[in-house]
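In order, the protein sequences belong to chains A and B.
Residues 90 to 388 in the numbering used here are what the first sequence spells out, letter by letter.
Residues 580 to 950 in the numbering used here are what the second sequence spells out, letter by letter.
If you're looking for bench data, these hints aren't it; they were derived computationally from the structure.
Among the hints, erroneous ones may be present.
Now the stretches of chain A that chain B is said to cover, found in silico as 3 or more residues with beta-carbon under 8 Å [unchecked claim]:
no., segment
1, 160-168
2, 232-239
3, 365-374
Quick list of in silico lysine-lysine cross-link-like pairs, DSSO-like style, CA-CA up to 30 Å [claimed, not checked]:
no., chain 1, residue 1, chain 2, residue 2
4, A, Lys290, A, Lys331
5, A, Lys290, A, Lys121
6, A, Lys331, B, Lys689
7, B, Lys920, A, Lys290
C-beta atoms are modelled at their ideal positions from N, C-alpha and C, and glycine is treated no differently.
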Amino acid sequence: MTRVSTVAPDGGYTFAYLDEQTKRMVRRAILKAVAIPGYQVPFASREMPLPFGWGTGGIQVTASIIGREDTLKVIDQGADDTVNAVSIRAFFARTAGVPTTTRTEDATIIQTRHRIPETPLRASQILVYQVPIPEPLRWLEPREAETRRMHALQEYGVMHVRLYEDIARYGHIATSYDYPVRVNGRYLMRPSPIPKFDNPKMDRSPALQLFGAGREKRIYAVPPHTEVRSLDFDDHPFEVQKWDQACALCGSTASFLDEIVTDNQGGRMFVCSDTDHCDARVLAGHVGSAAGDRDPGGA
Amino acid sequence: MYVAVKGGERAIEASHRLLEAARRGDPAVPELSTRQVSEQLPRAVDRVMAEGSLYDRELAALAIRQAAGDLVEAIFLLRAYRTTLPRLGNSEPVDTARMLVRRRISATFKDVPGGQILGPTPDYTHRLLDFRLADIAPTHAAQGEDTVQRDRLPPQEEPMPRVMDLLGREGLVEDETPAADEGQPPADITREPLRFPAGRDARLQVLARGDEGFLLALGYASQRGFSNTHPFAGEIRYGVVAVAIVPEELGFAIEIGEIELTEVQMVNQFAGSDTAPPQFTRGYGLVFGHQERKAMSMALVDRSLRGRELGEAADSPTEDEEFVLYHSDNVESSGFVQHLKLPHYVDFQSELELLRRLRSEFDPPSAQAAE
Numbered sequence: 090m091t092r093v094s095t096v097a098p099d100g101g102y103t104f105a106y107l108d109e110q111t112k113r114m115v116r117r118a119i120l121k122a123v124a125i126p127g128y129q130v131p132f133a134s135r136e137m138p139l140p141f142g143w144g145t146g147g148i149q150v151t152a153s154i155i156g157r158e159d160t161l162k163v164i165d166q167g168a169d170d171t172v173n174a175v176s177i178r179a180f181f182a183r184t185a186g187v188p189t190t191t192r193t194e195d196a197t198i199i200q201t202r203h204r205i206p207e208t209p210l211r212a213s214q215i216l217v218y219q220v221p222i223p224e225p226l227r228w229l230e231p232r233e234a235e236t237r238r239m240h241a242l243q244e245y246g247v248m249h250v251r252l253y254e255d256i257a258r259y260g261h262i263a264t265s266y267d268y269p270v271r272v273n274g275r276y277l278m279r280p281s282p283i284p285k286f287d288n289p290k291m292d293r294s295p296a297l298q299l300f301g302a303g304r305e306k307r308i309y310a311v312p313p314h315t316e317v318r319s320l321d322f323d324d325h326p327f328e329v330q331k332w333d334q335a336c337a338l339c340g341s342t343a344s345f346l347d348e349i350v351t352d353n354q355g356g357r358m359f360v361c362s363d364t365d366h367c368d369a370r371v372l373a374g375h376v377g378s379a380a381g382d383r384d385p386g387g388a
Numbered sequence: 580m581y582v583a584v585k586g587g588e589r590a591i592e593a594s595h596r597l598l599e600a601a602r603r604g605d606p607a608v609p610e611l612s613t614r615q616v617s618e619q620l621p622r623a624v625d626r627v628m629a630e631g632s633l634y635d636r637e638l639a640a641l642a643i644r645q646a647a648g649d650l651v652e653a654i655f656l657l658r659a660y661r662t663t664l665p666r667l668g669n670s671e672p673v674d675t676a677r678m679l680v681r682r683r684i685s686a687t688f689k690d691v692p693g694g695q696i697l698g699p700t701p702d703y704t705h706r707l708l709d710f711r712l713a714d715i716a717p718t719h720a721a722q723g724e725d726t727v728q729r730d731r732l733p734p735q736e737e738p739m740p741r742v743m744d745l746l747g748r749e750g751l752v753e754d755e756t757p758a759a760d761e762g763q764p765p766a767d768i769t770r771e772p773l774r775f776p777a778g779r780d781a782r783l784q785v786l787a788r789g790d791e792g793f794l795l796a797l798g799y800a801s802q803r804g805f806s807n808t809h810p811f812a813g814e815i816r817y818g819v820v821a822v823a824i825v826p827e828e829l830g831f832a833i834e835i836g837e838i839e840l841t842e843v844q845m846v847n848q849f850a851g852s853d854t855a856p857p858q859f860t861r862g863y864g865l866v867f868g869h870q871e872r873k874a875m876s877m878a879l880v881d882r883s884l885r886g887r888e889l890g891e892a893a894d895s896p897t898e899d900e901e902f903v904l905y906h907s908d909n910v911e912s913s914g915f916v917q918h919l920k921l922p923h924y925v926d927f928q929s930e931l932e933l934l935r936r937l938r939s940e941f942d943p944p945s946a947q948a949a950e
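Whole structure, please, built from the sequences with the hints as guidance.
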């Protein structure tokens with residue numbers, strides 16, 4: 090497969106599906122979100138032809154910022170070939186006719202669910218996150234009217250208490266993904282369900298990070314070079330996951346690994362969750378313990 | 580051997596082919612036409628139009644066929660189409676007092692001006708399967724052998740005023756709540772995100788396209804004590820109303836069509852408060868098509884949600900505005916519940932790693948006791 094592919098757009102739709110008025114409305118929300126890092130901007134989210142909860146927020150953000158000169162990459166769980174990533178990439182190939190890619194370096198817009206690519210992002214790239222629940226305080230306080238008030242007053246003690254209770258009970262903070270962050274020293278923000286492994290990549294990233302929650306009708310943003318700090322305590326500093334294993338395909342010891350059950354006896358292997366990163370390493374000659382089981386670059 | 584989710588694209592294409600075959604069923608059986616669905620499954624069409632919030636019988640019937648009879652999926656199809664339509668203008672408010680009434684009953688008065696009109700209702704049928712329907716071969720219909728007897732409705736001489744308006748003259752029922760910001764255009768939940776506290780205009784819009792099953796359960800819960808509204812069915816009416824617009828270049832109203840509506844006015848006991856004398860209060864339901872179960876549920880829930888406004892305790896889920904309004908849309912809830920089908924390998928892996936670590940540090944109580 091070629092790494093960059095273009096499909097003829099479907100003539101029946103507006104460019105990137107959304108009508109221009111809707112795109113303008115979404116862009117206004119994005120501008121406000123960029124101006125107030127970490128603040129959740131309500132927007133008039135539309136029904137999309139894909140179900141709510143399946144990336145409609147990210148899709149609306151991408152549809153509103155994408156242009157004909159863009160190259161789009163879509164990942165889900167770090168991989169370009171998971172079914173929903175395939176479906177969303179096909180949606181934009183069909184309605185916008187933009188080139189798509191699996192290579193992180195070649196993309197100008199990367200829409201993601203649950204991961205940040207291992208390859209560091211550049212200044213000209215935009216990372217669009219699909220967000221299921223935008224409100225970091227939601228599981229502590231179910232009411233929106235109340236959580237908006239708590240943000241206004243920076244009443245975030247309840248989150249620190251929760252993390253402290255984890256430490257008291259387990260000896261660790263028992264949050265492994267969707268780990269709460271403080272943006273630019275002001276708003277508490279939910280990074281979407283990325284593993285906390287990815288949290289440090291958000292901090293002062295040169296890329297623009299946009300977050301779209303379609304069903305919950307919220308957009309928020311982290312502008313380039315903005316401080317994103319994962320909540321922690323002086324005596325319990327934030328730390329990320331580590332594996333005893335290396336990737337079985339590319340030998341990487343620095344990437345997030347997926348665990349794969351390989352037989353009925355419960356045999357396991359660990360491989361990179363970021364398929365593009367793994368393929369690139371294999372192409373560059375790195376080998377893991379199970380090298381040869383996978384066709385590099387195949388997707 | 581390494582088996583990953585590869586070839587997603589081909590798998591999706593194959594899945595679409597299987598879906599289409601499942602929808603079509605046995606090719607030896609003639610395919611349903613959209614017109615057959617819209618004519619012979621009108622209540623399914625009504626529900627899809629109401630919750631899809633688009634009044635178009637043909638498109639709703641198409642959606643039902645395409646969704647193989649899965650009404651929530653059909654509602655989603657219609658809603659996704661609706662959102663692409665341009666907004667050409669706003670209609671004048673429809674006047675249900677001028678409805679061409681096909682059915683109208685009041686449970687609060689034995690007789691009312693215009694009379695009780697039973698109309699087409701399954702209420703007094705005995706729910707016995709009618710095996711004659713099973714025997715009717717499609718060829719008979721094709722030959723025009725129609726066994727259904729059609730009564731001609733007597734023409735409606737004059738408009739039938741709404742029962743609640745008659746009661747209102749005595750001051751025993753509260754006035755229809757005027758919008759707090761009279762003159763302002765009403766909320767539009769399709770163009771603005773919902774905010775709380777929501778006005779009654781936004782609330783009624785959410786309820787009108789809310790999931791019938793969810794509202795039915797909430798309305799039922801409100802009758803069983805999760806709320807305290809003591810409702811009577813003041814009036815239930817179903818019929819046809821004209822829709823009019825005022826084109827800017829004309830400056831006067833012209834009728835552009837008609838729609839079927841079901842309207843329910845619930846009347847509820849109210850003991851009065853510091854600011855209001857004892858009087859009956861109202862709950863309101865209005866739905867596309869002939870959907871009494873939905874319209875009655877909507878009216879019950881509307882009244883429950885007025886608890887705070889009327890100074891009631893309002894501590895039940897049915898009286899909790901965020902709980903009800905945020906969870907009544909089945910396009911949203913169906914999508915989010917089913918998104919759990921999507922891969923969550925990464926989150927799950929993170930939890931596995933954490934759990935293994937916690938377990939490795941866990942000292943079983945028995946081991947401690949043995950020391």
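Results of checking the hints against the structure:
1. Proximity of the segment 160-168 of chain A to chain B, defined as three or more residues with a beta carbon under 8 Å from a beta carbon of that chain, is established by the 4 residues found.
2. Residues of the segment 232-239 of chain A lying with their CB closer than 8 Å to a CB of chain B number 3, which satisfies the three-residue condition for coverage.
3. Check result for the segment 365-374 of chain A against chain B: violated, 0 residues qualifying (beta carbon to beta carbon below 8 Å, three or more required).
4. A hinted pair counts as satisfied when its Cα atoms are at most 30 Å apart, and A/Lys290 with A/Lys331 qualifies at roughly 16 Å.
5. A threshold of 30 Å between alpha carbons decides the hint, and for A/Lys290 with A/Lys121 the separation of about 23 Å falls inside it, so the pair holds.
6. Taking the CA atoms of A/Lys331 and B/Lys689, the gap is about 76 Å. The hint is violated against a cut of 30 Å.
7. In summary, the hint linking B/Lys920 to A/Lys290 is supported, as the alpha carbons are separated by about 28 Å, within the 30 Å threshold.
Taken one by one, the earlier hints fail for this structure at numbers 3 and 6, listed in ascending order.
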